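Participant: Generate the whole structure from the sequences, applying the supplied hints.
Spelled out, the chains give:
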Amino acid sequence: MKQSRIRSLSILFQLGGLVLAFGFISLILVLIGANPLQAFSLIWQGAVGSDIRIASVLVAWVPLALATCGVLVTFTAGLWNIGIEGQITIGAIFTTGVIRLFLNTSVNPILVIIISILAGMVGGALWAALAGVLKVFGGVNEIFGGLGLNFIATALNIGLIFGAWSRPGVASMSGTEPFPVEYWLPTFQNYRFSWYSIILTVIGLVVIYFLLQGTHFGLRLKAVGKGIKSAFRLGIPTWQHMLLSFLVCGLFAGLAGALQVVAVYHRLIPSISSGYGFMGLMIGMLINYQAIWVAPIALFFAALNIGGIQLPIVMKLDSTLSGVIQGTLVLFILLMQGVKQKVLGEK
Amino acid sequence: MSGDIILLGLAGVIASGAPIVLASVGEALTERAGVINLSLNGLIILSAMMGFWVATETDSLLLGFLAGALVGALVSAIVAFSSITLKQSQVAVGFILTITCRDLAYFLGNPIMGRQGPIMLSTPIPLLKQIPIIGPLLFQQSLMTYFSIILIFLAWFWIYKTRPGLMLQGIGEKPAAAYVRGANVQRMRYFYTILGGALVGLAGPLYTLSVKAGWKGTITGLDGIGWIALAITIFGGWNPIRVAFGAYLFAFLQWLGLVLQSSWTFIPSQVLQVAPFPLMILTLLLVNLGNTEWMSRVLATLPDGVRNRVTKLIRSLRSQPPAALGTPFERQ
Chain H
1 MKQSRIRSLS ILFQLGGLVL AFGFISLILV LIGANPLQAF SLIWQGAVGS
51 DIRIASVLVA WVPLALATCG VLVTFTAGLW NIGIEGQITI GAIFTTGVIR
101 LFLNTSVNPI LVIIISILAG MVGGALWAAL AGVLKVFGGV NEIFGGLGLN
151 FIATALNIGL IFGAWSRPGV ASMSGTEPFP VEYWLPTFQN YRFSWYSIIL
201 TVIGLVVIYF LLQGTHFGLR LKAVGKGIKS AFRLGIPTWQ HMLLSFLVCG
251 LFAGLAGALQ VVAVYHRLIP SISSGYGFMG LMIGMLINYQ AIWVAPIALF
301 FAALNIGGIQ LPIVMKLDST LSGVIQGTLV LFILLMQGVK QKVLGEK
Chain L
348 MSGDIILLGL AGVIASGAPI VLASVGEALT ERAGVINLSL NGLIILSAMM
398 GFWVATETDS LLLGFLAGAL VGALVSAIVA FSSITLKQSQ VAVGFILTIT
448 CRDLAYFLGN PIMGRQGPIM LSTPIPLLKQ IPIIGPLLFQ QSLMTYFSII
498 LIFLAWFWIY KTRPGLMLQG IGEKPAAAYV RGANVQRMRY FYTILGGALV
548 GLAGPLYTLS VKAGWKGTIT GLDGIGWIAL AITIFGGWNP IRVAFGAYLF
598 AFLQWLGLVL QSSWTFIPSQ VLQVAPFPLM ILTLLLVNLG NTEWMSRVLA
648 TLPDGVRNRV TKLIRSLRSQ PPAALGTPFE RQ
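Keeping their order, the protein sequence lines are chains H and L. Residue 347, in this note's numbering, is where the first sequence stops; the numbers in between run on with no holes. Residue 679, in this note's numbering, is where the second sequence stops; the numbers in between run on with no holes.
Hints in this document: simulated from the structure, not taken from any laboratory. Bear in mind that the values here come from a model prediction, so they are computed numbers and not experimental data. Idealized CB from N, CA, C, for every residue including glycine. Worth double-checking, as some hints may not be accurate.
Only pairs whose alpha carbons sit at most 25 Å apart, straight line, appear in this in silico SDA-like list of lysine to any residue [to be verified]: (1) 229(H) with 640(L); (2) 229(H) with 672(L); (3) 563(L) with 274(H); (4) 434(L) with 174(H); (5) 226(H) with 479(L); (6) 342(H) with 677(L); (7) 222(H) with 438(L); (8) 342(H) with 476(L); (9) 226(H) with 433(L); (10) 222(H) with 435(L); (11) 342(H) with 523(L); (12) 229(H) with 643(L); (13) 340(H) with 674(L); (14) 226(H) with 672(L); (15) 340(H) with 428(L); (16) 226(H) with 563(L); (17) 229(H) with 563(L); (18) 434(L) with 225(H); (19) 434(L) with 274(H); (20) 434(L) with 341(H); (21) 563(L) with 228(H); (22) 229(H) with 520(L); (23) 226(H) with 438(L).
According to the in silico footprint, chain L covers these stretches of chain H (three or more CB under 8 Å from chain L) [to be verified]: (24) 131 to 144; (25) 151 to 158; (26) 279 to 288; (27) 330 to 344.
Facilitator: Following this line, the structure appears as structure tokens:
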């Protein structure tokens, strides 16, 4: 009885956060002289208004869900993997590098695609390991280590696009020379999304759910996340688990980057990570680190992102409104969670 | 390069270091009280846009800076409320705010992109400006730059030489002990978080009204500065003078990068642009290495004479955070 009352109260507080967030955003829109309802319905139409748009939402869902899966592992270990943006970028660079290596050889393109995706995952994991080593052995907080590594990864990416891997003739912000069609992950009919990406993402979601809920490793990570000292006293090798959580997160980030190259852009572009890593961190906080919610909330965030593209065209509003909506939502839900704990007298 | 040009460049370093001084000294005050305000990066961008907007609408620099400080205080009040009153993770709310403020700045700032705005001119100080070397270096700056220099010493004096400053150290190191001595820990943490945030909020308009005059949306070039300021706070060991040294060092290296870029064209400009970040990691590594466990184990194996010398070197570099940084305070 009491349990169910607390649960329904909890949902009430979350709904309250939702209402407050949309109230706040509506207020801002009214203040700048825009119609909030028109903006919201435009975003909705922009996300689900046509087959092409729905396909675009699915395209954005893949890296977003994968990034969120990754950061759930580091969050569980009590770590803030802000370096995930860089890990996605390095994954994309490794994938592009491998495809370029085999481009004019007789190796079967399908095999090349598989190897390149695996290489991307390794690249992401290596970059994550770097942040992990800095944290564990250098005492450098993972937030700053990761952030610095993000900027370095971006510079490396742009350096390659304008330097060693530049388009013959003109190097430009549009990226490297697109690969021949054989090296693309097959897409569904003429839409931009690929079933293979979706399947890989679903596998990733299942893996993370069971890894965190049902394995010894997940349990130990939780112990490390709750308190390093007590975990150590329990006999859990703490720094090894912290490093491992970085590695697993890096694998997911690398996969996201790899799929952006082989399934979406078919080349390396300057903003290959597109902020999906940071958004993954936000989703992780919003769903209170519960793996079961990754898929639907990532879909919602992806829809906001794609829907926002219509704003500048129709209403002359900047498309960053999507980001503002996402951030405000996470902020108010978090605040309401705090209010709930205070009111109910929980910890 | 002639001496005059170098002197002009160094005066520029003092000016371009000023916003970083404001931001990192402000953050040092907040963190001294035991609160991490991680929203710096977004806060600086948002206050830069708002300050510029208000200054162009009202044609008043003063109102522009006040708007920036107000934005800083408001955003930091959210950090204070959620972490002090609601006891939520400071890192979580700071991260959400840093992303959201940045997006909000680009969203609201869209219509004023590329507008012409007022620019703060320098105000040379009579007599003092004529002192050789020091005059052109320090006394031909803008009013905000003077303020940033005064702030360094004011903050240092406040923390180390006054009674309230001693209390400030107390609530960041041992809040329970400070509470027993009569300090209102929660209220003081609110005060220093909002004060620090207001100082950070001055850094934004200082860019858009002076150092990098104008608002150009995402290409204004402010993304990343807040993170650097946060790292400089750690590098400076939460001591305003050492923090300011870090800020000027950063500004100096940026200037050096610009100078080198024109003469060393073989280095791609992207490399020099991100040079501060590996440097940031390296300096954090240097100041933190002494805190790691394996370092003390390695040191224990060294012969006494060598160990003493190495320990001394590490100690001089090391910076330790206030003991209660990032943790909520509960009255027992």
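Participant: Give a verdict on every hint.
Facilitator: Verification of the supplied hints:
A threshold of 25 Å between alpha carbons decides the hint, and for residue 229(H) with residue 640(L) the separation of about 13 Å falls inside it, so the pair holds. Under the criterion of a C-alpha separation no larger than 25 Å, the hint pairing residue 229(H) with residue 672(L) is consistent with the structure, at around 18 Å. Between residue 563(L) and residue 274(H), the direct Cα distance comes to roughly 20 Å. Compliance with the 25 Å bound is thereby established for this hinted pair. Restraint check for residue 434(L) and residue 174(H): not satisfied, since their Cα atoms lie roughly 46 Å apart, outside the 25 Å limit.
Among the hinted pairs, residue 226(H) with residue 479(L) is inconsistent with the structure: their alpha-carbon atoms are about 59 Å apart, more than 25 Å. Only pairs whose Cα atoms come within 25 Å are accepted, and residue 342(H) paired with residue 677(L) is accepted, the gap being roughly 13 Å. Between the alpha carbons of residue 222(H) and residue 438(L) the distance comes to roughly 19 Å, so the proposed pair stays at or under 25 Å and holds. Only pairs whose Cα atoms come within 25 Å are accepted, and residue 342(H) paired with residue 476(L) is rejected, the gap being roughly 57 Å.
Taken as a hint, the residue 226(H) and residue 433(L) pair is honoured in the structure, with Cα atoms around 19 Å apart against an allowance of 25 Å. Between the alpha carbons of residue 222(H) and residue 435(L) the distance comes to roughly 19 Å, so the proposed pair stays at or under 25 Å and holds. At most 25 Å may separate the alpha-carbon atoms for a hinted pair to count; residue 342(H) and residue 523(L) meet this at roughly 21 Å. The straight-line distance between the Cα atoms of residue 229(H) and residue 643(L) is roughly 18 Å, inside the 25 Å bound, and the hint therefore holds.
Among the hinted pairs, residue 340(H) with residue 674(L) is consistent with the structure: their alpha-carbon atoms are about 20 Å apart, no more than 25 Å. Using a Cα cut-off of 25 Å, the hinted pair residue 226(H) and residue 672(L) holds, with the two alpha carbons roughly 18 Å apart. Distance check on the hinted pair: residue 340(H) and residue 428(L) sit about 14 Å apart at the alpha-carbon level, within 25 Å; holds. The suggested pairing of residue 226(H) with residue 563(L) is violated, with an alpha-carbon distance near 44 Å, which exceeds 25 Å.
Of the pairs offered as hints, the one joining residue 229(H) and residue 563(L) is violated, with about 48 Å between alpha carbons and a cut-off of 25 Å exceeded. Restraint check: the Cα-Cα separation between residue 434(L) and residue 225(H) comes to about 18 Å, which is no more than 25 Å; the hinted pair holds. A C-alpha spacing of about 32 Å is found between residue 434(L) and residue 274(H), which places the hinted pair above 25 Å, so the restraint is violated. With a C-alpha separation of about 9 Å, the suggested pairing of residue 434(L) with residue 341(H) holds against the 25 Å cut-off.
Pair hint residue 563(L) plus residue 228(H) does not hold up; C-alpha atoms about 45 Å apart against a cutoff of 25 Å. Restraint check: the Cα-Cα separation between residue 229(H) and residue 520(L) comes to about 20 Å, which is no more than 25 Å; the hinted pair holds. Between residue 226(H) and residue 438(L) the alpha-carbon distance is near 16 Å, which keeps this suggested pair within the 25 Å criterion. Residues of the stretch 131 to 144 of chain H lying with their CB closer than 8 Å to a CB of chain L number 8, which satisfies the three-residue condition for coverage.
Check on the stretch 151 to 158 of chain H: 5 of its residues sit with their Cβ under 8 Å from a Cβ of chain L, so the three-residue criterion for coverage holds. Counting residues of the stretch 279 to 288 of chain H whose C-beta lies closer than 8 Å to any C-beta of chain L gives 3; at least three are required, and the coverage claim holds. For the stretch 330 to 344 of chain H, the stated coverage by chain L holds: 9 residues have a C-beta nearer than 8 Å to a C-beta of that chain, and at least 3 were required.
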